[in-house]
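Keeping their order, the protein sequence lines are chains H and Y. With the first letter of the first sequence counted as 1, position 269 gets the number 722 in this note's numbering; the numbers rise by one all the way through. With the first letter of the second sequence counted as 1, position 272 gets the number 285 in this note's numbering; the numbers rise by one all the way through.
Everything labelled a hint here was simulated from the structure, so no lab data went into it. Incorrect hints may have been included.
Taking lysine-lysine and the DSBU-like style, the derived pairs with C-alpha atoms no more than 30 angstroms apart in a straight line are [as the list claims (entries may be wrong)]: (1) Y:Lys101 - H:Lys890; (2) Y:Lys320 - H:Lys882; (3) Y:Lys40 - H:Lys543; (4) H:Lys578 - H:Lys795; (5) H:Lys795 - H:Lys575; (6) Y:Lys325 - H:Lys868; (7) H:Lys508 - H:Lys578; (8) Y:Lys325 - H:Lys537; (9) H:Lys740 - Y:Lys273; (10) H:Lys774 - H:Lys515.
Computed list of chain Y residues with no C-beta within reach of chain H, every gap over 10 angstroms [stated by the list, open to error]: (11) Leu67; (12) Phe107; (13) Pro154; (14) Phe164; (15) Ala218; (16) Ala245; (17) Ala292; (18) Thr322.
All residues carry an ideal CB built from backbone N, CA and C; glycine is no exception.
Take a look at the letters that make up each chain.
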Amino acid sequence: MTSRRFKRFTVATIATLTVAALTGCSAAGSGTSSDAPHGKPVTIEFWGSAIGQEKSVDLFNKAHADVQIKYTQISAGSAGGYEKMLNAVKAGNAPCLGQVSYDTIPSFASAGALEDISKYAKPSKDLFAPAAWGLSSVGGQVYGIPVDVGPMALYYRADLFKQYGIEAPATWKDFATAAATVHTSNPNAYLTTLPLSTYDIGALAWQAGGQWFGTKDNAWQVNINDKPSQQVAQYWQGLVDDQLVVAEPAFDTAWYTSIQDGRVLSFVGAAWAVALLEQNAPGLSGKLAVAKLPQWQEGKSVSGNRGGSDNAVLKGCKNPKEATEAAVWLSTNKDSVNSYIKNTGIFPASVSGQNLPVLAQGSDFFNGQKIYDVFSSAAKNTPADWAWGPTMTTLQPQINDGLKLVGAGQETIPKLLDSAQSSTVADMKAHGLTVTK
Amino acid sequence: MTAPALPAELAAQQEPAPRRRQSSSHKTRSALLLLTPFSLLFLGVMIAPIVYALVQSLFRVQRSGLGLGGGETLFVGIENYITALQNKDFIASFGRVFGIGIVQVPLMLLIALVLALLLDAAFAPLRRTFRLIFFLPYAFPAVIAAIMWSFLYQPRIGPFSDWLAAIGLDVNFLSGDMAFFSIGNMMIWGYTGFNMLIIYSALQAVPEELSEAASLDGAGWWQTAWNIKIPAVRPAIILSAVFSIIGTIQLYNDPAILSKVAPGISSTFTPIMAAQQSAAANNYNLAAAQSIILALVAFVLSFGFLKFTQRKGAES
């Protein structure tokens with residue numbers, strides 16, 4: 454072979470190999486669900502992060518021959534799970550089902566990462582709590598099937614409350630008084646920690662009647678610093694200024710230690726915190742109790758919602774009908790929901806789930822208290838018209854950073870909400886979204 | 014040659030020449046063949062993503078209304094770059110890594126150099142032990158090390174704040190400006206051993222005769238080190254410095270892990286964290302532009318440093 458012919462041969466080989474490699478790569482990624490033309494089961498890929506979820510998936514797989522779910526555990530959404538899902542959607546090889554929190558559904562929908570499953574999901578609407586259904590839709594289009602909700606209540610050290618001579622506060626005014634009592638009698642003790650997450654502040658604003666986002670006539674409404682939210686902001690800023698709360702991120706090692714040591718006496722948390730406490734703070738067994746959230750108005754029972762998620766159908770799913778039906782089964786089937794309650798520690802979003810007998814039992818960890826009575830009532834009394842916005846993936850870290858600075862005394866919560874408002878509106882407009890009042 | 018040769022002789026005379034031509038193209042062929050696997054990988058894994066990022070950075074996704082219909086991809090030229098450079102926080106993130114680097118890199122190289130010299134002068138059996146000890150932090154998985162440091166730094170879980178409180182100093186290693194020193198400390202802990210090994214290996218290549226000649230001339234250990242050893246390992250120090258400059262500009266791991274528990278570290282503390290945030294917010298085009306800007310800055314700094322040291326070397 455002459456030198457020139459060899460060079461051409463080499464180039465041709467390299468070119469062929471490269472093309473083959475690239476086609477091979479793209480073929481492997483072109484959709485993750487197989488069709489079932491001749492009796493082979495349809496495989497639905499599902500990425501989730503909730504612990505124990507695989508048990509519900511196993512129950513589904515045992516009960517179905519024509520559809521099988523392939524479950525993969527990934528990191529929690531805000532810890533990288535959402536990034537992973539968005540990357541997969543962009544690469545064209547996303548799973549059919551993904552666990553997406555209510556707060557992130559509008560962001561995903563606005564990013565074109567979710568399939569509109571309205572026509573498959575509408576028949577199941579009445580199976581779920583209205584607030585949860587509302588949170589799974591944006592602009593009237595349904596994107597996911599609710600799994601759980603996060604009704605809020607006050608978790609507190611019943612033993613230490615007795616010791617300090619205080620009762621579970623009925624109003625936020627009582628809460629502030631109790632905070633002062635605790636810190637005055639023991640400078641090393643605090644009634645609670647400063648809410649350090651965007652979604653904590655959001656849930657409290659929700660309870661107060663705030664409405665950070667809304668949709669009207671194909672446009673977004675943004676009111677992060679509306680009056681109820683500012684009321685919440687000023688209240689907690691007051692507690693920070695008086696040094697009655699300490700800034701420790703919730704569900705962190707230091708935080709569990711603080712509650713066990715009696716440095717922190719209570720916290721405002723959602724129903725799913727039960728499982729986390731049982732796993733990470735076994736020393737608290739028998740010492741905690743759950744009470745209705747402190748109220749802004751005497752005698753009311755309003756609560757907020759923190760967390761809760763959908764099993765959403767991601768863009769590019771080849772079998773949206775089967776995926777929707779699988780998700781509905783996971784969220785409503787008696788055995789599946791019982792498994793979720795037992796293994797994942799959630800409070801179900803489905804109506805049938807909320808009425809399961811297991812939720813009527815007392816909890817050993819909470820000294821026999823029927824804690825789910827409190828959460829059920831909270832779920833029923835959560836305002837149903839709250840909506841999240843399409844930029845939570847930017848807004849959440851921004852407010853988180855700001856709250857960290859609030860804890861260090863370098864920022865105030867009211868100012869933080871104001872700057873979040875202006876930057877969110879600017880951000881949304883820059884992306885071409887329509888924003889109205 | 015006197016008379017026209019027979020065809021057989023002609024053929025015999027002609028053979029050596031083609032063989033000579035063949036051998037040099039034969040070498041080229043072998044070289045190309047051996048380079049093929051590397052070239053494929055290099056093109057696919059290094060060049061293709063860079064080209065992809067460059068292309069992505071020239072577009073933007075424009076939404077409308079509620080944004081539910083996905084969006085249309087528009088060609089916007091350098092608009093993403095202008096947006097990135099007008100973002101004060103992004104520029105500030107460069108300032109932050111420069112601030113950390115300007116203190117941490119020289120300090121770390123100084124410590125690495127001193128340790129390498131000491132190791133070189135050490136008693137032989139001790140050498141292997143200390144080489145291993147100094148290198149261990151680098152062998153530690155980076156994320157595990159960062160988590161460990163985050164526990165050590167936290168005021169009530171780790172011991173540092175308590176020890177300082179015992180002597181009356183109230184220090185929060187994760188708050189405000191202290192965060193810079195804390196991160197710099199983690200980097201010195203993690204990378205000094207690696208750089209020390211580079212310098213130490215270069216020291217081994219210094220001929221014994223030079224040091225012997227120096228000591229015969231009456232030079233002490235320090236004078237030998239200053240006048241002979243350090244200049245001899247200059248290339249190794251420069252190499253370490255370039256690696257460190259690039260590594261510091263691309264700082265991600267340590268601040269990202271600490272960020273969860275550190276008020277002084279925002280989620281866009283370093284340029285890479287800012288680009289990751291853009292990607293997490295589904296703005297891949299802006300993330301691509303930010304990454305390209307970061308790569309250019311790293312290139313300019315490391316290349317500039319190399320040129321600067323070459324010039325200084327030429328002068329001296």
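Going down the list of hints, with the structure as the test:
1. At roughly 28 angstroms between alpha-carbon atoms, lysine 101 (chain Y) and lysine 890 (chain H) fall within 30 angstroms of each other, so this suggested pair holds.
2. A distance of roughly 45 angstroms separates the Cα atoms of lysine 320 (chain Y) and lysine 882 (chain H); the hinted pair therefore is violated under the 30 angstroms criterion.
3. About 45 angstroms separates the Cα atoms of lysine 40 (chain Y) and lysine 543 (chain H), which puts this hinted pair outside 30 angstroms; it is violated.
4. A C-alpha spacing of about 25 angstroms is found between lysine 578 (chain H) and lysine 795 (chain H), which places the hinted pair at or below 30 angstroms, so the restraint holds.
5. At most 30 angstroms may separate the alpha-carbon atoms for a hinted pair to count; lysine 795 (chain H) and lysine 575 (chain H) meet this at roughly 28 angstroms.
6. A threshold of 30 angstroms between alpha carbons decides the hint, and for lysine 325 (chain Y) with lysine 868 (chain H) the separation of about 52 angstroms lies outside it, so the pair is violated.
7. In summary, the hint linking lysine 508 (chain H) to lysine 578 (chain H) is supported, as the alpha carbons are separated by about 25 angstroms, within the 30 angstroms threshold.
8. Proximity of lysine 325 (chain Y) to lysine 537 (chain H) is assessed by CA-CA distance (about 47 angstroms); at most 30 angstroms being required, the pair is judged violated.
9. A distance of roughly 28 angstroms separates the Cα atoms of lysine 740 (chain H) and lysine 273 (chain Y); the hinted pair therefore holds under the 30 angstroms criterion.
10. Our distance criterion of 30 angstroms between C-alpha atoms is met by lysine 774 (chain H) and lysine 515 (chain H), whose separation comes to about 20 angstroms.
11. With a least beta-carbon separation of about 17 angstroms from chain H, leucine 67 (chain Y) lies farther than 10 angstroms from that chain, consistent with its non-interface assignment.
12. With a cut of 10 angstroms on Cβ distances, phenylalanine 107 (chain Y) stays outside the contact zone with chain H, its closest approach being about 18 angstroms.
13. The beta carbon of proline 154 (chain Y) is kept farther than 10 angstroms from every beta carbon of chain H, the shortest such distance being approximately 17 angstroms.
14. For phenylalanine 164 (chain Y), the requirement that its beta carbon stay farther than 10 angstroms from each beta carbon of chain H is not met, with the minimum near 7 angstroms.
15. Listed as outside the interface, alanine 218 (chain Y) is consistent with that label: its C-beta sits roughly 38 angstroms from the nearest C-beta of chain H, beyond the 10 angstroms cut-off.
16. Look at alanine 245 (chain Y): its CB is around 43 angstroms from the nearest CB on chain H, clear of 10 angstroms, so calling it non-interface holds up.
17. Non-interface status of alanine 292 (chain Y) relative to chain H is broken: a Cβ of that chain comes within 10 angstroms, the nearest being about 7 angstroms off.
18. The beta carbon of threonine 322 (chain Y) sits about 38 angstroms from the closest Cβ of chain H, which is more than 10 angstroms, so the claim that it is off the interface holds.
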